[in-house]
Amino acid sequence: MLRSKQKPKVQDTGHVLFDVYYEDGSRRSNRRVPRAATLEMDADAAIRQVIEEQDRDIAEKSGRPPLAITKILRSDV
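Following this note's numbering from start to finish, the sequence shown increments by one per residue and tops out at 77.
Honestly, the hints are just simulated from the structure, not real lab data.
All of these numbers come straight from a predicted model, not from anything done at the bench.
You may find that some hints are simply not true.
[As the list claims (entries may be wrong)] Label-pair distances were calculated between CB atoms; the ranges are:
no.	residue 1	residue 2	range
1	66	17	30 to 36 Å
2	5	63	52 to 58 Å
3	25	5	16 to 22 Å
4	5	62	49 to 55 Å
5	5	61	44 to 50 Å
6	29	5	26 to 32 Å
7	30	62	15 to 21 Å
8	14	63	28 to 34 Å
9	65	13	32 to 38 Å
10	5	28	21 to 27 Å
11	74	53	38 to 44 Å
All C-beta atoms in this analysis are idealised placements derived from N, C-alpha and C, irrespective of residue type, glycine included.
Take these sequences, add in the hints, and give me the full structure.
This is the structure in structure tokens:
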């Protein structure tokens, strides 16, 4: 009996890269976001939440306040 090929499953492991733009006009390229966050129902909010959490950690370590994010775009890498 022949078996039909199964469709490959979407992997939720790994990371997706995003470019983040801030209110002062600066840009941070290739910010890593877990792929699982991009698969959620409200992916935009989940991605923003992950990046804002990363920004808070960076701000805490550097002693500078986090900047407000104006937009987030998927990197072209």
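Against the structure, the hints come out as follows:
| no. | hint | result |
| --- | --- | --- |
| 1 | 66 to 17: 30 to 36 Å | violated, 20 Å |
| 2 | 5 to 63: 52 to 58 Å | holds, 55 Å |
| 3 | 25 to 5: 16 to 22 Å | violated, 49 Å |
| 4 | 5 to 62: 49 to 55 Å | holds, 50 Å |
| 5 | 5 to 61: 44 to 50 Å | holds, 48 Å |
| 6 | 29 to 5: 26 to 32 Å | violated, 38 Å |
| 7 | 30 to 62: 15 to 21 Å | holds, 19 Å |
| 8 | 14 to 63: 28 to 34 Å | holds, 32 Å |
| 9 | 65 to 13: 32 to 38 Å | holds, 33 Å |
| 10 | 5 to 28: 21 to 27 Å | violated, 41 Å |
| 11 | 74 to 53: 38 to 44 Å | violated, 19 Å |
Hint violations for this structure: numbers 1, 3, 6, 10, 11, all remaining hints satisfied.
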